[in-house]
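Both chains come to you apart, so use the hints to assemble them.
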Amino acid sequence: MTRSDAVLITAIVGAILSFSFISSGGNVGSFGITILSGLFQGMLLFLVAAGLSLIFGLMDVLNFAQGAYFMVGAYLAYDIQHTGGLIDVGIADPGLRFIVGVIAATLAGAVLGVLLELLLRPVYKRHLFLLVLTFGVSIVMLEGIKAFYSVTPYTWTEFFGIREAQFTFLGQNFTQYRLFVLAVGFALMVGISLLLNRTRIGIIIRAGVQDREMVSALGINVQTVFTFVFTLGCAVAAFGGAIAAPFLGATITMGTTYLVAAIAVIVLGGLGSYEGTAIGAMIVGLALAAMQQFSITINQPVLASITPMMLLIAVLLIRPRGLFGQER
Amino acid sequence: MDNVQDVFQETPQDVFRPPPMWRVFLREHWLHLLIVAVLIVLPHAIGWITGDSPFGRVRGSRVIMAGESTYWQAIFIEMFSLAVLVMSYNLMFGFTGVISFGHALFFGIGGYAVGIVVQYWDVDPNLAFIAGVLLVIFITSILGLLIGLLSLRLRGIYFAIFTLAIAEMAWLYAGSWRLTRGEDGLTINRLPEWIDPERSRLMVYYIGLALFVTAFLVIRRLVRSPAGAVFQAIRENEDRAKAIGYNTLRYKLLSIVVASVLAGLAGILMGILNKSARPELLGVTYTVDALLITIIGGVGTLAGPVVGTAGLHLLELWVRDSSIILSLNLGLFEFTLNFSQDWILIIGVVFVVVVLVFPYGLVGTWYRLRARVGDWWERRRATT
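Protein chains in written order, with this note's numbering: chain A, 1 to 328; chain B, 329 to 712.
Everything labelled a hint here was simulated from the structure, so no lab data went into it.
Quick caveat: nothing in here was measured; it's all calculated off a predicted structure.
Do not take every clue at face value.
Label-pair ranges, simulated between beta-carbon atoms [stated by the list, open to error]:
(1) B:LEU656 <-> A:GLY249: 25 to 35 Å
(2) A:GLY249 <-> B:THR613: 15 to 25 Å
(3) B:LEU577 <-> A:ILE201: 56 to 66 Å
(4) A:GLY249 <-> B:SER650: 31 to 41 Å
(5) A:PHE247 <-> B:THR542: 22 to 32 Å
(6) A:PHE247 <-> B:ARG578: 45 to 55 Å
(7) A:GLN223 <-> B:THR613: 31 to 41 Å
(8) B:ASN454 <-> A:GLY26: 56 to 66 Å
(9) B:VAL352 <-> A:ARG212: 47 to 57 Å
(10) A:THR297 <-> B:ILE672: 46 to 56 Å
Just so you know, even glycine gets a beta-carbon here, dropped at the ideal spot from N, CA and C.
The following block holds chain B by itself, in its conformation from the complex (with noise of 0.2 Å):
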């Protein structure tokens, strides 16, 4: 027992001691706290470099929303609220394996709640806000239960058709329902004043940002618990997840429920930004882009969503905004390529190059140049 002796007579310095908890953290998450802090100072330092201020500019005894700040809060603004649509989706997609077309259901019909309880219960504003809030959350979850349950019957490609008719229907419909007022789309002009993005823009994107965070931190709480394990045997090998004893219907059912809940408050927060629910909210193309943006910044990881968004959004504001026409002669005929004009084909082309260029996504992409990196590296040391 003279080993024991030895643990005893062990100097000081040769104890292992974990670094401190704030240390491991900061190590870990340096990025997202960086992230997240230049979010918060970023309307008040444009403001400051541009010199128009955050709050917008005071005409008379009115305050309106002109100047770059403002502006820029609001391209954030959308920013978050398609972050949102796309995590929840890559929870479902991408984590889960449960292919849907139809996600933008549950975005539009976040818009649209909220629109209708807003301007047709005639009470305060703050309540009918608040309530009309609850009756998203409460839509989407039995909605999302509703078509989640048939997901035990029709299996891949049958339920993601399934889940786009039911959008195509609802977005039909909600073209030429009365209560929606049809094509026009239905304006929500009842907002309380501290969520009006025409009256205290800076809140909406504070709240904006609040929820980005939020769902960024509930998805990533729930992919890394037990649940979260399972369902990625379930997107891994269903049949197996079931062999192992696991209810694979209650965890499909969890992601789903989630992530329609998710992309409802998402829709809120587009509607109110646009301050108008239009059937555009239910149609394919956000679903579509949901999809595209997803597989583009990298399934199945946590922050591919979030790169995959910026990315896009900010290339296509950028294009939009650009002045750059590029002409072409091939002899036979001519072919003038003016970006502002034709910035969906530039859309269209970026979209087939990425997936030449980046076949896991961009995050995904990363990741492994990482490893493999880091493999060639360690490989390196050995030999060395």
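Chain A extracted, bound-state conformation (with noise of 0.2 Å):
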């Protein structure tokens, strides 16, 4: 990070505090909300995001399915937490259900992203053959997921207490569900970051978004290493999808609706960087808390939902390449 990325990220970051801090009209208790729930978003964001990020990183692939494994993970988790679905795990105790559920959906998703990767396979070389498919596979479990729960007015039955409790801060109510998915989706982003700047498979990844045929020249078998990425990063998705279905509940829709905020998030943070996704996604979340906010103030609920998009093109227009992108 050069002395002017941080000075940028700064004063947007400034920027958006200040603006939640005056629109939430000068009320601290208020205003620690506003930006509890902005990091809150904006981890939901880089759930998503993040697979997504790694991907176009290494292969240059858009992967269009990504919502998708969001949307898989999501049902999964809250079909098997719940005791009539249609997975029957037989488990009595609902916090433990709800954790075989989050397992279960993130294996799901690992497993259903192999098998994208051996579909793709044939048409690497041509990058927007791999749009078309990534769509068509994305339409396909939509449809197939449609198919299995044709009716789903599932409710969440409580565990381990924390998704109804509220905890008061500075006067405000929370739910302490929602502070349970920062922690994990904080661990889950040092995770990564870990495996990406601490270990070999790591040190590959990082040299394959620089320059891939080099990686492969020096003896190292990318197509593998583009195979755990991909898994890597579906398996992400439908974590994140089964971590937030407690709290978004599951919807056919929700996959694409986060897909085109998490586009807008990895454009912003810079195609190919790590940090920027993370940092990309924290911004994002914060401006769409405040102007959340805001827009409930003024009565005009259409300015909270074209928040990202306005954000990445006022960044666009002054950093072309992101926040920390590469030229590609």
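Here it is, written out as structure tokens:
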């Protein structure tokens, strides 16, 4: 991170924070809640965008199916946690069921990721066709889920006492579950960062982002690395969906909604840069929360929904390659 | 100099005579002419076969649009509109190499601008409609120019996402603005009689056909002109095109502006057909449709978008109307596939299969296959 990067990011975050402070009317409690809610939304965006960014960085593929993995994860976790679902694991304790659901969703995401990667292999050299293929697969997954879960008026049963419970922060109430998502998401963020920066496969991935041909010239089987990254990206998305489901619920359109915002995030952060994605997600989340607060005050709900796009346009006009992007 | 003598003494039958112009033209374009001729007589032919008038049924003093012929006219009008949208996208993306994820912006502006002018400007509907069309051409060209200018600064995928952001903003805004009637969409019911699909659909059909043919000819002329050669040079390698001395920005702008205006005109046709402009016109679905159909039909081929649109649209129609139900019993659970209900699933599978089977798109793969068979034939003839 160069000095000008740091200055720019500080300026953006500072502007968002002061804007949200003004729009919350100088009320410290409501300001604090806005920040927490912003970080929470940023974390959800990050969970979709992380895999997208890793896959795009290494293989130049914009994986249109990433949102579908998010949705599949949410549905599976929903189903397993629910006692009368399609899949009955036969565990009585709802807390344990929740954990099993999240693990199963992550594994399912990984398996589906491997399958998609195998399907993509014949057309690797043709990036455009990868777009069509991933889009087709996302349609198939969406419709498949629709066919299996024709009706989903599932309700969550309480687990560990964290879903419904609230805690008081500066005189305002905040759901504990959102804090839990924040913590888990942050752990994942650090985990992937360690994987990229401190392990051998991480070095290979980062080298592959820089120059793929050079890496394979050094005698490393890039194909295996591709499979690994693809699986990791899809598993992370499914995990994100599973974690987010108790709060967001499971709907067919959730994947598509988050996909567009996640694309905005990875471009804003700069394609191929993992730190960029993490910081971009947080910036977009904070801006979204601040704008939601503001749009309630002036009664213009559309302002909140166009915020990620406006932010993206503004950043691209200042920095044509996003915050940390390279020429590509 | 006895050679000269030889030339003059040549017998008349040895002199090469070019075949007459019309025969060359026919040999090159018989398929195009045939398709246009079929499309011209199609409403009448369907009407003649099924016994339904192509002008609709007379009910008392009014004419209502019922019957097979008018039903198929509506389908073909939608197809013309989509085909023009996809062809315009192909001009930009397939021939010039500019990827945009926000092409639906221009499509939606076409529908909305005409709708707003016709609905809110209280003058003679004919005048209002023509003013609306001119306004669409004006707005789309200016907007295309502005967005195109940014392609100087934003390259490749960054430009694509930038256009996506603008189109998404327009989509969200159209869904909540009072002037555009928010989510419900703007109903367009003050159209002049000659272009109202509820009163004279056959006229709209021929206008759509004319738009389709004109767009095809414009794009064909543009692509085969010197400017078109520069477009393709930009697609292959923009830096080299610059190095030869072309002002590539100017050519990209030309391509983007023409594509934007054509997409706007296609949007007008769609707005007229539905008699409403809804936020979906601006949505990412139409852009993705245009992108996918271009790729499936054949990127950078003139016929690709047309073949892709016709193929996918008719397939979609057939799957939706069919009553095929497949039942799969996998022991653990039973899976039934109802074609008319799960038609999106079928389309998704078709996308995947087509991409894996036709790696260059339908038309692109056909050209390659034809070239390969031709080579093989030549070689075979040379050896024997």
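Each hint tested on the structure:
no.	hint	verdict
1	B:LEU656 <-> A:GLY249: 25 to 35 Å	29 Å, holds
2	A:GLY249 <-> B:THR613: 15 to 25 Å	23 Å, holds
3	B:LEU577 <-> A:ILE201: 56 to 66 Å	42 Å, violated
4	A:GLY249 <-> B:SER650: 31 to 41 Å	34 Å, holds
5	A:PHE247 <-> B:THR542: 22 to 32 Å	53 Å, violated
6	A:PHE247 <-> B:ARG578: 45 to 55 Å	51 Å, holds
7	A:GLN223 <-> B:THR613: 31 to 41 Å	34 Å, holds
8	B:ASN454 <-> A:GLY26: 56 to 66 Å	58 Å, holds
9	B:VAL352 <-> A:ARG212: 47 to 57 Å	49 Å, holds
10	A:THR297 <-> B:ILE672: 46 to 56 Å	40 Å, violated
Against the hints set out earlier in the document, violations occur for numbers 3, 5, 10.
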